[in-house]
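Asks: Quick note, the sequences are listed as chains F and D, same order.
If you use numbering that gives the first Met the number 0, the first sequence corresponds to residues 0 to 440, in order.
If you use numbering that gives the first Met the number 0, the second sequence corresponds to residues 0 to 261, in order.
Because the hints were derived from the structure by calculation, they are not lab data.
Hints may be right or wrong, so weigh each one.
Covered stretches of chain F, as calculated for chain D (at least 3 residues, CB under 8 Å) [said to hold, decoys possible]:
| # | segment |
| --- | --- |
| 1 | 193–203 |
| 2 | 336–347 |
Chain F side only, calculated, beta carbon under 10 Å to chain D, not exhaustive [to be verified]:
| # | residue |
| --- | --- |
| 3 | Ala100 |
| 4 | Val119 |
| 5 | Leu188 |
| 6 | Pro375 |
| 7 | Asp378 |
| 8 | Ser397 |
We put the beta carbon where it would ideally sit given N, CA and C, even for glycine.
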Amino acid sequence: MSRRQRAQAVLLGLATLWTTGCHGYLLPYDERPLPAQSTLETQNGQRLTIAADGQLMSRPGRGDLAAALGVALYDSPQGLFVANALTAGSGLQRGDRILWAVAALPRVGKLLEEEHQAIVQFAAGEGQTSDLDNYQQLEPSSYSKLSFGRKLPAEAVSRPASVEPSPPPTPGEIRGLAGAHAVAKSADLQGYVSGAGWLQLDLLIERDGRQVVVRVALERREAWVPTRPRLPGPGRWRGLELVPVRSLPQGLRPRTASPDEVLVTRVARSSPLGQAGLRPLDLISQADADVLLGGVSPVFTSRSLPIQVRETGRVELEARAPDGRIKRLEFVPRQEPTQLWFPFAFAYERNGDGYHFGLGWWDVLFHVSGRTEYSPDLDDYVQTSRWSVLTMFSGGESRSEEGTVRTAGLNLIIDLVRLRYFEEWFDTPGKVRGERGLEGY
Amino acid sequence: MNRVLAAIGTLLAAALTGCGSLDVTPEGILASPIAVAAISTQDRVVLTCDHLGNLTVNGQALELPSVREDARLGLRLADVSWLPPVWRPEHAKAGGYLVTRLHKASPLALRGLRPLDLVTTLNGEPLGEVEELARRLRDSRRREVRLEGVHPDGSEFTISARGDERVGASTQIHVPFVFERRHSSLGEAFACGPFDTLFHWRTRRQHSYVADPSQGHSQYSEDFEWGALTNFFGYRRRRDPLSGEEKTQFTLFWVLTFGDDL
Chain F
0 MSRRQRAQAV
10 LLGLATLWTT
20 GCHGYLLPYD
30 ERPLPAQSTL
40 ETQNGQRLTI
50 AADGQLMSRP
60 GRGDLAAALG
70 VALYDSPQGL
80 FVANALTAGS
90 GLQRGDRILW
100 AVAALPRVGK
110 LLEEEHQAIV
120 QFAAGEGQTS
130 DLDNYQQLEP
140 SSYSKLSFGR
150 KLPAEAVSRP
160 ASVEPSPPPT
170 PGEIRGLAGA
180 HAVAKSADLQ
190 GYVSGAGWLQ
200 LDLLIERDGR
210 QVVVRVALER
220 REAWVPTRPR
230 LPGPGRWRGL
240 ELVPVRSLPQ
250 GLRPRTASPD
260 EVLVTRVARS
270 SPLGQAGLRP
280 LDLISQADAD
290 VLLGGVSPVF
300 TSRSLPIQVR
310 ETGRVELEAR
320 APDGRIKRLE
330 FVPRQEPTQL
340 WFPFAFAYER
350 NGDGYHFGLG
360 WWDVLFHVSG
370 RTEYSPDLDD
380 YVQTSRWSVL
390 TMFSGGESRS
400 EEGTVRTAGL
410 NLIIDLVRLR
420 YFEEWFDTPG
430 KVRGERGLEG
440 Y
Chain D
0 MNRVLAAIGT
10 LLAAALTGCG
20 SLDVTPEGIL
30 ASPIAVAAIS
40 TQDRVVLTCD
50 HLGNLTVNGQ
60 ALELPSVRED
70 ARLGLRLADV
80 SWLPPVWRPE
90 HAKAGGYLVT
100 RLHKASPLAL
110 RGLRPLDLVT
120 TLNGEPLGEV
130 EELARRLRDS
140 RRREVRLEGV
150 HPDGSEFTIS
160 ARGDERVGAS
170 TQIHVPFVFE
180 RRHSSLGEAF
190 ACGPFDTLFH
200 WRTRRQHSYV
210 ADPSQGHSQY
220 SEDFEWGALT
230 NFFGYRRRRD
240 PLSGEEKTQF
250 TLFWVLTFGD
260 DL
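Sequences and hints are given; from them, build the entire structure.
Replies: Below, the structure is given as structure tokens:
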């Protein structure tokens with residue numbers, strides 16, 4: 000055997016070893032925070048919420064028009080007045096009287112209607128749903144997301160040149176605009192707060208005896224709430240951030256919480272507690288928090304705890320959701336990942352999110368794998384599992400709140416399980432980098 | 000050579016058996032129709048729903064108190080009492096809850112509920128606040144749910160349904176040359192033989208789009224079909240679940256049809 004042939008043989012051998020069980024099939028631990036399922040009312044009437052990056056934020060109470068406008072308002076028999084401008088650049092001044100209002104919407108309504116009609120006519124004319132099953136293809140709701148199927152007619156995909164609102168009207172024009180209405184009290188404008196963050200209002204106001212139109216933006220005024228998490232080190236490992244209610248400013252404490260309780264402010268997607276149903280803004284007891292973070296062993300606590308550690312290692316916990324619902328959660332605390340493999344023989348891998356076991360080279364004899372992943376669309380976890388025997392007999396299951404999808408069968412030619420398996424294997428590094436950055440992998 | 004071709008042909012036939020010819024997969028949600036809230040010569044305010052169940056105004060999502068029961072009813076509702084009155088469509092001027100997301104396999108959709116319908120009562124009682132409604136919807140799983148309300152065209156409705164099965168559930172088993180079996184919340188199917196040639200049977204609730212705003216541009220039919228020997232003998236029946244109208248058709252020698260046009 001020549002040196003070249005020997006080198007090729009060694010490379011082939013190494014490639015074979017590499018592909019036998021020593022690859023990371025499972026996605027790494029996902030530390031991204033779960034979103035809160037609702038907001039939590041505070042003692043001063045604001046709401047606590049969780050930002051996309053997991054920070055605790057406070058925002059004004061639902062329908063708080065004055066906060067969205069950045070002013071203080073007062074109702075009087077003469078009408079709605081601005082008591083004070085609380086932020087620079089709000090456009091309103093102390094003493095302004097609000098007379099009329101109209102939303103400054105981009106003038107795309109007609110276009111949206113025509114677009115919708117064209118799509119519906121097309122879909123109905125086809126009489127089929129197969130090409131249009133993707134809901135978003137029939138959703139003319141967002142220009143940034145418009146992406147139509149290949150067969151749709153050109154008139155259905157016409158896009159506006161601009162989605163900017165038209166310039167503010169003059170005082171004489173505003174009353175004639177569609178959707179314009181008189182304002183007598185703050186409740187007349189309250190509904191517009193649902194569009195805070197993107198909506199602008201054209202307000203006809205009386206200022207110093209003159210009538211002028213002012214365009215004001217309704218802001219989603221969120222403020223970061225600095226917190227002091229308990230035991231951040233162990234908390235990070237467990238995918239949790241717990242903040243004692245007592246450590247929050249008095250006004251920002253949850254209205255229904257006692258000072259002895261602990262507020263959950265962060266739950267990692269891969270955390271077993273997240274999979275069990277714990278969500279940010281849930282409340283738990285101080286004693287449970289101590290046990291969760293590993294500060295106190297449940298064995299040595301004197302009081303009767305709702306949290307129970309079973310012999311199997313499963314833990315039971317009680318949490319209170321923002322709507323007052325009591326949640327009983329059962330979970331197995333996070334464990335170190337395990338990876339065992341022996342070339343040509345078997346591969347075994349397990350972490351908090353999934354497991355994988357295979358026998359034989361490329362798992363051709365047998366393989367079973369499963370994983371749990373958070374689905375933002377469902378705001379719930381989807382559990383998937385797959386198995387195959389001799390690559391031909393294969394099956395799988397996908398379990399979510401919407402139901403369980405099961406498949407099983409015999410594939411003589413197309414090894415679907417292995418195709419998906421390798422697809423995921425190749426996609427995983429890119430997917431993780433894209434979603435979580437290089438540190439996440 | 001002939002043996003190779005025969006082997007390839009056989010393997011192809013085997014691979015294609017049970018690969019989706021009898022689809023009953025319950026995927027997707029109903030496309031939202033639109034509602035026009037304010038009309039002028041200049042422009043309109045158009046309300047519709049996005050795929051997450053947010054109500055939108057001229058394409059921009061609104062933040063409204065909402066309730067969801069995705070598992071068995073496949074339903075999301077938004078409280079339009081928090082909308083400015085000028086943005087509310089005619090049928091929702093007094094407030095209430097609008098349907099903002101509906102799974103295609105929702106039992107309520109099969110009975111005629113559509114996105115942007117206004118729901119006013121649940122089991123004969125007013126809907127109440129968001130938290131209370133969420134609790135009542137949770138408690139109603141596996142029980143009969145009766146919704147009353149108003150369609151966007153102003154017609155009133157009363158719809159009763161049970162969420163016995165999860166809306167996205169399905170099962171598929173197949174063995175090439177032998178059989179294929181599918182089951183989902185939208186129907187079930189069975190076939191035997193390569194390419195389902197010996198016999199096939201399927202029943203399903205089929206959704207399709209129609210150019211009829213009063214139906215929310217969606218309609219369902221309950222289909223039943225069977226065929227034998229590559230449809231040498233065949234039978235199809237289509238029933239409108241709302242009107243009860245039924246059409247049937249027999250097929251003989253592949254091309255000869257008897258009965259109604261389907």
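Asks: So, for every hint listed, does it hold in this structure?
Replies: Do the hints match the structure? See the list:
1. 193–203: Coverage by chain D holds here, the residue count being 6 at a Cβ distance below 8 Å.
2. 336–347: With 0 residues in contact (Cβ-Cβ under 8 Å with chain D), the coverage given for the segment 336–347 of chain F is violated.
3. Ala100: holds (9 Å)
4. Val119: Interface hint status for Val119 (chain F): holds (5 Å vs cutoff 10 Å).
5. Leu188: This hint holds: Leu188 (chain F) lies near chain D, its Cβ roughly 7 Å from the closest one there, short of 10 Å.
6. Pro375: holds (9 Å)
7. Asp378: holds (8 Å)
8. Ser397: holds (9 Å)
Violated hint for the displayed structure: number 2, the only one.
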